[in-house]
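There are 2 protein chains.
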Amino acid sequence: MKTLFERIDASIIARNSLVCVGLDPDPVRMAIPDVLQFNKEIVDATKHAAAAYKLQFAFYEALGLLGIKAMSDTVKYVQDTAPGTVIIADCKRADIGPVAAAYARSMFEVWGFDAATVVAYMGADTVEPWLQYPDRGIYVVCRSSNAGAKDLQDLRVRQGEHERRVFEWVADASSRWGMAGQNVGIVVGATYPDEMTTLRRTHPSLPFLIPGVGAQGGDADAASRAAANADRRGFIINSSRGIIYASKNPAHFARAAREECEKLREQINAALGSIGTRKA
Amino acid sequence: MKTLFERIDASIIARNSLVCVGLDPDPVRMAIPDVLQFNKEIVDATKHAAAAYKLQFAFYEALGLLGIKAMSDTVKYVQDTAPGTVIIADCKRADIGPVAAAYARSMFEVWGFDAATVVAYMGADTVEPWLQYPDRGIYVVCRSSNAGAKDLQDLRVRQGEHERRVFEWVADASSRWGMAGQNVGIVVGATYPDEMTTLRRTHPSLPFLIPGVGAQGGDADAASRAAANADRRGFIINSSRGIIYASKNPAHFARAAREECEKLREQINAALGSIGTRKA
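Read top to bottom, the protein sequences are chains A and B.
With this note's numbering as the guide, the letters of the first sequence map in order to residues 94 to 373.
With this note's numbering as the guide, the letters of the second sequence map in order to residues 94 to 373.
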């Protein structure tokens, strides 16, 4: 049985792509009103060029029971039509013990996701229940992409002689919590390339999930160069709005999504190509 | 229109109770199998003595769409049969901007909760969208009840000359984020009475939601004395398992829940009575 990050690596290689497409339904922006149909057309158009899909739980939940049903059906559709593509629940769950175990059961068993995002303010107890699934895993939010990320994450913490920032503490802890890069990665926003460079230097093999390109202002070139591991992989870059809302025309939105997804794939691959053998 | 904490205060006074009953369905432990029916009987038996109900989102979500439907129907049932009783979503949502706005819409508009728990690792951006509802509000997780709470929350952070622990930083920020104790409170575990005493001293009017009594080992007496504000209120103490699973007998579980709820109410009120006028 492959671990989560072996599966992501295989998906990246099979599609020659480090793109994660964010399926974030917004009734105001979708080219067609039906969430499931919208997602199906996006998946059909992008599955050859997407290593992973990421579903933002909040946007489904805000549509009530029917929205959550559409989320669940979307996961099944990706499993059926794009086998090998990894499906991530961007749910940022942040609870402990039996509650975290219930969330892991929800995400992995009830809805069928391969991975989930987790916030570890409550410590190791937040993470441990998620690691009971040998072929699944989590990304712990380390450095988020928002401006307010600095509020708490940039605070300097001391332990004995050792001083570091809160997000560095989370990265260090995350690399201890998992099985050496096999089931715990971290979320690092594309909007903070300097912090990303630091994190890659200190954690050469920790997998990154990178939000924040496009609408949020992050630069995919800089992020790719900062995040690449020695194999010029080790990360995926998520784009949601830039791909799925590239066109509001019901006749063209899927084709526009395909073009934007392929464009981002080429952009990342070109940035990685420019690294040469420096990291190898 | 009353603010959230004016409503909670009114509910405390009307029921002479600072008890919050946790409705956390666990199919293995429930005396009867139907979640909604179980909750209805618990609510009928405890509503005279409960200032609030707290629903742990994870336990409903782990039961799939039917579980979430039961959660939504439970909220409606409390609204209909126990008007004035505050209903809290223990969802620990931890996202930002449009995503946090979608979660606030879910919790307040779709499911109908009065309050939600939030984790603010991503800073002020996590909190702001929740504050757009004048009669609703949030509890920010400050000091959680688990052993691993110490991992991150006890780290000492420096800002200029000022040094404090991470959970103290969160309490200080929470008191700035809200409208002076009207729509932002904090979660403080009963398992840490010393930290609770510190937090009450530094934040005389910040409302506390206190989990961790009973099964988790926290002491309701010590927590009540530590958490009381000058009016001998300013907090609610949640108990879930100790009340709703007091009996597994289908004929007696509701009566047992009533007795445990009333017992906890008396215990808290006795502890507050023993404070005398010291805090007043």
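Read the hints as simulated data drawn from the structure, not as lab findings.
Possibly wrong hints are sitting among the right ones.
For chains that are exact copies, the list does not tell them apart, and a pair is met inside one copy or across any two.
[Claimed, not checked] EDC-like mimics (lysine to aspartate or glutamate), calculated; alpha carbons at most 20 Å apart, straight line:
#, residue 1, residue 2
1, Lys-95, Asp-244
2, Lys-140, Glu-254
3, Lys-243, Asp-218
4, Lys-243, Glu-254
5, Lys-243, Glu-256
6, Lys-140, Glu-99
7, Lys-243, Asp-314
8, Lys-95, Asp-137
9, Lys-162, Glu-202
10, Lys-341, Glu-202
11, Lys-243, Asp-265
Predicted, not measured: the structure shown is a model, and the values here were computed from it.
Each hint tested on the structure:
For the identical chains of this complex, Lys-95 and Asp-244 are neighbours neither inside a copy (38 Å) nor across copies (30 Å), given an alpha-carbon limit of 20 Å. Taking identical chains as interchangeable, the C-alpha atoms of Lys-140 and Glu-254 are never at most 20 Å apart, the minima being 49 Å within one chain and 53 Å between chains. In this assembly of identical chains, the alpha carbons of Lys-243 and Asp-218 lie at most 20 Å apart only when taken from different copies (10 Å versus 24 Å within one copy). Taking the shortest alpha-carbon separations for Lys-243 and Glu-254, only the inter-copy value of 19 Å comes in at or below 20 Å, while the best intra-copy value is 23 Å.
When the C-alpha separation of Lys-243 and Glu-256 is checked against a cutoff of 20 Å, the pair qualifies both within a copy, at 17 Å, and between copies, at 17 Å. Within a single copy, Lys-140 and Glu-99 get their C-alpha atoms as close as 19 Å, which meets the 20 Å cut-off; across copies the closest is 52 Å, which misses it. Taking the shortest Cα distances, Lys-243 and Asp-314 never come within 20 Å of each other, neither inside one copy (23 Å) nor across copies (38 Å). In the homo-oligomer, the alpha carbons of Lys-95 and Asp-137 never lie at most 20 Å apart, since the shortest distance is 25 Å inside one protomer and 50 Å across protomers.
When the C-alpha separation of Lys-162 and Glu-202 is checked against a cutoff of 20 Å, the pair qualifies both within a copy, at 15 Å, and between copies, at 18 Å. With identical chains, the CA atoms of Lys-341 and Glu-202 are never at most 20 Å apart, being 34 Å at best within one copy and 27 Å at best between copies. Taking identical chains as interchangeable, the C-alpha atoms of Lys-243 and Asp-265 lie at most 20 Å apart whether they share a chain (18 Å) or sit on different chains (16 Å).
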